[in-house]
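Asker: Put together the whole structure using the sequences plus the hints.
Take the sequence shown: its letters are residues 714 to 1051, numbered as in our numbering.
Heads up, a few of these hints could be off.
Think about it this way: if two alpha-carbon atoms lie no more than 20 Å apart in a straight line, the pair counts; the simulated SDA-like pairs of lysine to any residue are [to be verified]:
id, residue 1, residue 2
1, Lys966, Ile1011
2, Lys953, Phe996
3, Lys740, Ala936
4, Lys1027, Asp1006
5, Lys808, His821
6, Lys775, Tyr806
7, Lys1027, Lys795
8, Lys861, Ile1011
9, Lys865, Cys925
10, Lys906, Leu880
11, Lys968, Arg937
12, Lys770, Lys966
13, Lys786, Glu759
14, Lys1029, Leu1017
15, Lys1043, Phe896
16, Lys1027, Phe1039
17, Lys751, Lys776
18, Lys808, Ile720
19, Lys949, Glu888
20, Lys740, Ser902
21, Lys836, Ile720
22, Lys953, Glu872
23, Lys1043, His821
24, Lys770, Arg811
25, Lys795, Lys1051
26, Lys808, Gln752
27, Lys775, Leu995
Here are the computed distance ranges between Cβ atoms for each label pair [what the hints assert, rightly or not]:
id, residue 1, residue 2, range
28, Glu875, Phe773, 27 to 37 Å
29, Lys740, Lys718, 35 to 45 Å
30, Lys953, Thr847, 20 to 30 Å
31, Gln747, Met771, 30 to 40 Å
32, Ser897, Cys1028, 14 to 24 Å
33, Asp849, His749, 33 to 43 Å
34, Glu970, Phe727, 45 to 55 Å
35, Lys808, Asp849, 50 to 60 Å
36, Asp913, Lys861, 28 to 38 Å
Since the hints were made in silico from the structure, they are not lab data.
On a predicted model such as this, the values are computed, not experimentally measured, just so you know.
Each residue gets a CB set at the ideal place from its N, CA and C atoms; glycine is no exception.
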Amino acid sequence: MSEMKIISSLSDIFLNQDYFPIFFWDKWETVEEQLHHKQRLLCVDEEENVIAFTLYKMRFFKKADYLYVPLDKKGNRLSVEKEKTFLDEFHNYLKTKRIADVIFPPSHVETFASIPSKCLYYKLGIMKVDLTQTEDEILSKFYKENKKQIRKAVENGVEILEGLSCLNGFYENYENSAKYKGFSLLPYSYFEKLISIIPDNIYCCCVLCNNCLDASYLCLRDARYIYPLYSGTSFKPQYKGSKKFLLWNIYLKAKQEGIEKYISGGYRYGLPESDPLHNVHLFKLGMGAEIEDGYHFIKVINPLKYNLINLAMKCKSLLTGKNYSFVNLKGLDVKKSK
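Answerer: Written as structure tokens, this is what we have:
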């Protein structure tokens, strides 16, 4: 069994953070602390394989979340066998050191190739656009109507604005989308704070048509990947293909900067066509995204505490009529590993 330890920075073991996704960077520790009130921790083994995760301490419960999958000292994926061994040893380390009572999967930026022992797991796809391809190769994977709308966008007076000065425009679209889609709205100050911490890693852009804001994106980027954090559209876009034209231009800008992949988000295999998320999947696939299969899992370390917290959340859901849970499992086939 490999010896593990917690470190606060990759520089503690003389690793270059530029090889790694931004979640491993020192600045991301500040993001988690100041915006999410969590500790960002790194755990490393004797071979300098490393995992990034967060820890949130409640009064009687310690909740951890993966930020990414384990990587080697050059920032590369481990083999399936090595990944499973690393994860099992990491879970044992969390239990032995009493660091967390449960650890949940990361956001939909990456999936694990392996399934650890004695966990709740489910199959999940991650949609990605390979930006190392030529422009024609990327476009060849678009739906036919999307390509047509993108090509006609300029003729219809569509123009792109980009830079952190677009934050007001982005927030206007984001606020509109929150109202008609019914998701929780983050305050404007959240985005101001995020930009103040990592200004060089935020890409904000808007699309205008007839002097109206049709759509906006706020993306996170590192040396290799770009991730759409938030987006929004107007109630009545002036041009039907505005958001698609904007996304295509994000691909082009990222490609010019040497970024390898655009991470579109998760793909849930069990969603019915009537579910609103199904249309989100179709939009992303229609914009050239391809699905990479993998797994997410929940590793319960302290069953008693976890079951008590789950029971409390179910009671709260019954009393309020709202769904309270740690993970949205809609459209996912959850199983138990041995």
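Asker: All the hints need checking, so say for each whether the structure fits it.
Answerer: Hint check results:
{"no.": "1", "hint": "Lys966 with Ile1011", "in the structure": "violated, 36 Å"}
{"no.": "2", "hint": "Lys953 with Phe996", "in the structure": "holds, 13 Å"}
{"no.": "3", "hint": "Lys740 with Ala936", "in the structure": "holds, 14 Å"}
{"no.": "4", "hint": "Lys1027 with Asp1006", "in the structure": "violated, 31 Å"}
{"no.": "5", "hint": "Lys808 with His821", "in the structure": "violated, 25 Å"}
{"no.": "6", "hint": "Lys775 with Tyr806", "in the structure": "holds, 15 Å"}
{"no.": "7", "hint": "Lys1027 with Lys795", "in the structure": "violated, 37 Å"}
{"no.": "8", "hint": "Lys861 with Ile1011", "in the structure": "violated, 43 Å"}
{"no.": "9", "hint": "Lys865 with Cys925", "in the structure": "holds, 18 Å"}
{"no.": "10", "hint": "Lys906 with Leu880", "in the structure": "holds, 12 Å"}
{"no.": "11", "hint": "Lys968 with Arg937", "in the structure": "holds, 10 Å"}
{"no.": "12", "hint": "Lys770 with Lys966", "in the structure": "violated, 40 Å"}
{"no.": "13", "hint": "Lys786 with Glu759", "in the structure": "holds, 11 Å"}
{"no.": "14", "hint": "Lys1029 with Leu1017", "in the structure": "holds, 19 Å"}
{"no.": "15", "hint": "Lys1043 with Phe896", "in the structure": "holds, 16 Å"}
{"no.": "16", "hint": "Lys1027 with Phe1039", "in the structure": "holds, 11 Å"}
{"no.": "17", "hint": "Lys751 with Lys776", "in the structure": "holds, 10 Å"}
{"no.": "18", "hint": "Lys808 with Ile720", "in the structure": "holds, 17 Å"}
{"no.": "19", "hint": "Lys949 with Glu888", "in the structure": "holds, 14 Å"}
{"no.": "20", "hint": "Lys740 with Ser902", "in the structure": "holds, 18 Å"}
{"no.": "21", "hint": "Lys836 with Ile720", "in the structure": "violated, 31 Å"}
{"no.": "22", "hint": "Lys953 with Glu872", "in the structure": "holds, 14 Å"}
{"no.": "23", "hint": "Lys1043 with His821", "in the structure": "holds, 14 Å"}
{"no.": "24", "hint": "Lys770 with Arg811", "in the structure": "holds, 12 Å"}
{"no.": "25", "hint": "Lys795 with Lys1051", "in the structure": "holds, 18 Å"}
{"no.": "26", "hint": "Lys808 with Gln752", "in the structure": "holds, 18 Å"}
{"no.": "27", "hint": "Lys775 with Leu995", "in the structure": "violated, 37 Å"}
{"no.": "28", "hint": "Glu875 with Phe773: 27 to 37 Å", "in the structure": "violated, 46 Å"}
{"no.": "29", "hint": "Lys740 with Lys718: 35 to 45 Å", "in the structure": "violated, 22 Å"}
{"no.": "30", "hint": "Lys953 with Thr847: 20 to 30 Å", "in the structure": "holds, 27 Å"}
{"no.": "31", "hint": "Gln747 with Met771: 30 to 40 Å", "in the structure": "violated, 19 Å"}
{"no.": "32", "hint": "Ser897 with Cys1028: 14 to 24 Å", "in the structure": "holds, 21 Å"}
{"no.": "33", "hint": "Asp849 with His749: 33 to 43 Å", "in the structure": "holds, 41 Å"}
{"no.": "34", "hint": "Glu970 with Phe727: 45 to 55 Å", "in the structure": "violated, 27 Å"}
{"no.": "35", "hint": "Lys808 with Asp849: 50 to 60 Å", "in the structure": "holds, 51 Å"}
{"no.": "36", "hint": "Asp913 with Lys861: 28 to 38 Å", "in the structure": "holds, 36 Å"}
Checked against the numbered hints listed earlier, the structure breaks hints 1, 4, 5, 7, 8, 12, 21, 27, 28, 29, 31, 34; every other hint is satisfied.
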